Amino acid sequence: MSVYKLNMEQLRNWVGRLIAERPVYGVRQKDERFVFGRLKKPEELRLDYDVTILPPKKYILPTRENLLAYQPGEHYESLWADEPFVLLGVHPYDFVAIRQLDLLFEREKPDEHYLRRRRAATIIVADVERASDNVFAGCVGTAVVKDAFDGLLTRVEDGYLLEVRGEKGEWLASLLESPSPANAAELSRRNDVWENNRRRLRKHELKVPPEQLGDLLRRSVDHPLWEEKARLCYSCGSCNLVCPTCYCFDVRDESDWSLDKGVRYRVWDGCLLEDFAMVAGGHNFRPTRAARYRHRYYRKGLYVPEMIGELACVGCGRCITACTAGIANPVEVYNRLQEEPHEDDAAE
Amino acid sequence: MAETVNIQVDHITRVEGHGNIVLRARDGHIEKLEWQVPEAPRFFEAMVKGRSWQDIQTVVSRICGICSVSHSLAALKAVEAAFGMEIPPQMQRLRLLCHYGEQLESHSLHLGYLVAPDLLGQKSVLPLIESHPDLVRAVMKAHSTGNRWMEVIGGRMTHPVRLKVGGFTKLPTEEELVSLRTLLEECLPALEVMADALHDLADRLPDFRRETEYVALVRPGEYTFYEGHIGSTDTEETVPPAQFEKVANEYVSPQSTAKWARWHRESYMVGALARFNLNGEYLLPRAAATASKLGLEKGNCNPYWNNIAQMVECVQVVEDGIRLIDALLEEGLDEQSRTVPVTPRDGEGAAAVEAPRGILFHRYRFDSRGFCIGANMCIPTNQNHANIQKDFEKLVPEILDRDQEEIRLMLEMLVRAYDPCISCSTHYLDVTFV
Amino acid sequence: MGKPRVAIFDFACCEGCQLQIANLDEDLLNLIELVEPVEWREAMSEKAGQIDVAIVEGSITRAEDEQRLKEIRQRAEILMALGSCATHGGVNKLRNRVPLEEAQRIVYGASAGMPHLQSGQVKAVHEVVPVDLKIYGCPIEITEFSRIIRELAAGRTPFVPNYPVCVECKLRENVCRYEYNEICLGPVTRAGCNARCPSNGMWCFGCRGPVDHPNINAAYDVMAKYGKTVEDLVGKLELFCSGEERIRG
Amino acid sequence: MRTMLQSEEQTLEDIYRPRPATVVRVEDMTRTEKLFELELDSGEPLGHMPGQFVEVSLAGIGEAPISISSSPTRGRRFELVVRRVGSLTRALHHLKPGDKVGIRGPFGTWFPVDTDLRGRDVIFICGGIGLVPVRSAIQYVVDNRTDYGHVFILFGARTPADRLFTDEYEQWCSPGEVTFLETVDKRDARWTGAEGVITTLIPCIRFDPARTVAVICGPPVMYRFVIVGLKERGMAEENIFVSLERRMKCGVGKCGHCQINHIYVCQKGPVFRLSEITDLEEAL
Ligand SMILES: Cc1cc2nc3c(=O)[nH]c(=O)nc-3n(C[C@H](O)[C@H](O)[C@H](O)COP(=O)(O)OP(=O)(O)OC[C@H]3O[C@@H](n4cnc5c(N)ncnc54)[C@H](O)[C@@H]3O)c2cc1C
Ligand code: SF4
Ligand code: SF4
Ligand code: SF4
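Protein chains in written order, with this note's numbering: chain A, -17 to 330; chain B, 259 to 692; chain C, 11 to 259; chain D, 1109 to 1392.
Think of the hints as simulated: they come from the structure by calculation, not from any bench.
All values derive from a computational prediction rather than experimental measurement.
Misleading hints may appear alongside valid ones.
Stated by the list, open to error - Derived EDC-like pairs (lysine to aspartate or glutamate); straight-line CA-CA distance at most 16 angstroms:
| id | chain 1 | residue 1 | chain 2 | residue 2 |
| --- | --- | --- | --- | --- |
| 1 | A | LYS22 | B | GLU433 |
| 2 | A | LYS22 | B | GLU432 |
| 3 | A | LYS12 | C | GLU43 |
| 4 | A | LYS12 | A | ASP32 |
| 5 | B | LYS648 | B | GLU432 |
| 6 | A | LYS12 | B | GLU593 |
| 7 | C | LYS57 | B | ASP268 |
| 8 | A | LYS150 | A | GLU3 |
With these hints in hand, go ahead and build the complete structure from the sequences.
Below, the structure written as structure tokens:
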């Protein structure tokens, strides 16, 4: 592991060199909010962002991704994307989410489309400088990451510290001009940033210890809260779509005008949407808003953790902001389940 | 000579909306000759009543799919006038730019898809794909350029979404403007192909003349579409848009759901030919050259030549569009002036713009919360209906000795020359303003 | 099997949707490789007899139009309603809120009594004849239209989303209009437009009509959270969907 | 943890890419169902077990999960029975011998013909198209007849016209020790057999719950009632196997559509041991 100190100018030049080498996707301003987008010049980069509208997973699991091209005669050809690129300025919680997706796309039947994009990515994490309105990463242990990244940028007074790891990290470091290692004082300031972020990224306070969440949910299947909240649910799927750990998708074909050539692609889908579990003939296996609403909290708090051993909510708070009905706050839901045990459960 | 002529064209084709032509003549004596408009009435003035100022543009844009930008702009200007608002000059120029896109789109659609088949003796553009592929491609190029143009500035080809009271909801990026400029440059050769074709076919436009009054927006030194006062070839006097009712004296004719209009004479004409007859000397060089190549001169009173004037205007708007884009890129788009705040108030406002088919007026009155309590729209095609009828009355006796089919075609072509937009013309001036 | 014979018919509307078909321009050449246009008043002078697909644009406002529509239905194998006016009445249905006599008086003043100005209640196409397929939007989106045509030609059921505009809006990473304190109808409106309006800085005004089961009560309840009144919301909902039972709270 | 990510050189197969297969035979079964006999173009056997499914693909239309209806004991070719309900299934119904389809799979779990079923008495309870996947297991049992005890086949169809595989019943029963009972929900003029829902058949058979395994497949509404019927007869949940249907897209445990609580049906199903899913409130 090596940590370098970059002043603002060095940072800018380094980003410029990254851009010259590979496509670089970094954080840019969009209207009043922030998004990840292709950087054309270093000045566009906004490492002081609070949170992006969509998580950076969109470069590894694109919103719409062509999987196959087909030709007449049921001839299918895989479409791969393995051009190397750089993801610059990923917040720790979003990085944790990407690592969860790694596990989920690798397990059992590995998804080579995902994996190739993932391998092509060089990911530079950036510690949070400005806390967003709804972030609670501090409560779920995702305010800080200490490994598995290729680069890690941390703001210190007059510049940034850059830690690099592994082969991709070496490549990142090789593009630094006159690299100077960080000194002890700077490293200790970085520790302060981490300490601080663990404390400060808690706009909502989760009162359930993450490891107890599974049991709490197992007891709460019939809790009246699901109905109460879902009464206001639009089934709009916004909470799914902005979530860095959601990965459900739909697969569709689209032919060109010849009708027998085209692509099979996948698009993000959401379990809150009405037709998500609907089959031909009209039977819906999750027909009520409440059942769909509940399913999301169970996925985050119980189902995915059962698969990979980690809470599948990284505390980015995006769903809280995205829900126009104001009902998608996981912290509020989990706290309420804990604070108001369902009568039947209490009787047990 | 045909002894009896009996022409009944129900729902004339290749025009926007429904119109009928009726001609009954026996032994050279005309018994009935009518331009009828049976389009289903839609009552927009009633529809906007009670709606918030925010939604007026959204609703009235739906008066007409082809001139939705013009309706939007007329409405925005009228609402802004009612609230006493000033729109920053750059945003006015962006609006004009969007407005130009519509002129190109509408004129090229009309000339290429609706008129060309007449001139080439076909019933639709489909056979021309085989017989005149270069012309059809040029038309498609011009038409799609107009569409793309409106999309870049207005956010959609039809029914713009970015045009709003106070300015814009979103500005194009500089890259988008640059690529739009390229598109416009690339469109010029296509317009040349169209103009050449029209030049070769101009002698198929019937040789017919009728002096009438021409009405259009005028503004000193400019071939104007978006700003100015109401001018006429019958008078030096100009009328501010706020007093448009002085000009468009509308009346209901029993033969149409749409309304008719008169000013100094029993009818007047609006549209490309009217604009040219009033402002022709202000055309930019390329457009002026196109006019002279095609032989269009001020004072032309052959309504069939409205088509030629439309061709000239296609060149004019592209030429001026490029100039406007250059100026915008030069000064840089100013996000700060994108929109000015709106304070609704009790008030009334009117505005005029040149829609592709001619001058268009809107007027609204609001209550103190900005809800619409009265509206009036006066549409170009309405203003032309009476003129079409008068043209019929002069033309038919001149050609009554011809074959019935030929008469029918000439009448249809005459109607098409006006490019009537009947779906929007089914409105009525509410003289007793509610 | 020959190419499907397709005809386009218009009723009360702005004709913006059939204009979208003309707006295909170069793709029109591809389109006529797949289908044979046999009747289209706005673009051609021919009239056809029996047809495979009738594309109907506009709302039905008069008895004579109901009759004409029924005849079209008889001639057509498949009837497709094109655009808001046809699929659910669109802006035209705003008219139904005012008694007809009043609407006539407002628009035609003293001349309102003339027989040819008569017009009944505004109806969507499916309120007069059975409709096989609806293409939503005011105007329709040409990319969606051409995709649906291709899907039909390939013999598959066209994909028409039954999820709200918010889905597409999120995928396009727009700042939500509610963050600007505007009322957006995205959460109850059927997607398929690729969130065109929110992506252009405008709220969704619901031109595509509601999803199958809009949670309209939520929309009403949520207004207070944004300091808006139910009246504000209803004003927006009425624009394109005043005829829809499903938008009433 | 990141093994697959690190192995840059190693590239894996595309789990979404169908293999080409050819239609060898098409047979009309009912008004809405057709049988297709298929062969992979590679010439390999499909390599499935009874109860598994494949994703059938037609380019430009899409994919659908379809159970394999024939037993692997019947050779290289395999059979699918498809009910026409939507886009893909309608398009499949237009196929003729010689036409191509894409095939992914086989996927999912199978009826435990080599473990739990072996050496026991077996009850197959099928409603309608539920007979399609189960037929694969029936063939397997018939082909290895001596490995199993008494076999009961209970089949319920909506109407006599909806009965499937009617010309095979005789063959299924011929090795002996087979009880085959049928009912229809609604009889027609010519039907002389039983009328009533499938649960009415359960009291008609005599079996020893301790030595018997049951396999159930049918429409969503059927399961609860049949299970109650079996439990009343003393069957334990461990010995009941169900095959469940869900909305499915990817077939490989990624897309999320088929989830029953935490379970991906395409991975842990479609065949489940009842005792493993009884506390899942979304299962039945
Ligand atoms: C494990 C399994 C085995 C099956 N076996 C058979 C069989 O042997 N024979 C048979 O006829 N049918 C079977 N089905 C049902 C069959 O998959 C559906 O009827 C089929 O997907 C309908 O597709 P469609 O394109 O014709 O219909 P559409 O309604 O046009 O389908 C649209 C999309 O919805 C999804 N979908 C719709 N219905 C279902 C459904 N029931 N299950 C899963 N996804 C669905 C599909 O993803 C499809 O792409 C099985 C389903 C599952 C899950
Ligand atoms: S559930 Fe909400 S807070 Fe948690 S990771 Fe997903 S979007 Fe972020
Ligand atoms: S964002 Fe809110 S309203 Fe929309 S589906 Fe999620 S919980 Fe429901
Ligand atoms: S802007 Fe409208 S459509 Fe977009 S997310 Fe917000 S509410 Fe939904």
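Hint by hint, here is what the structure shows:
| no. | hint | in the structure |
| --- | --- | --- |
| 1 | A:LYS22 <-> B:GLU433 | 13 angstroms, holds |
| 2 | A:LYS22 <-> B:GLU432 | 14 angstroms, holds |
| 3 | A:LYS12 <-> C:GLU43 | 42 angstroms, violated |
| 4 | A:LYS12 <-> A:ASP32 | 13 angstroms, holds |
| 5 | B:LYS648 <-> B:GLU432 | 49 angstroms, violated |
| 6 | A:LYS12 <-> B:GLU593 | 13 angstroms, holds |
| 7 | C:LYS57 <-> B:ASP268 | 12 angstroms, holds |
| 8 | A:LYS150 <-> A:GLU3 | 13 angstroms, holds |
The structure is inconsistent with the numbered hints 3, 5, although it conforms to all the rest.
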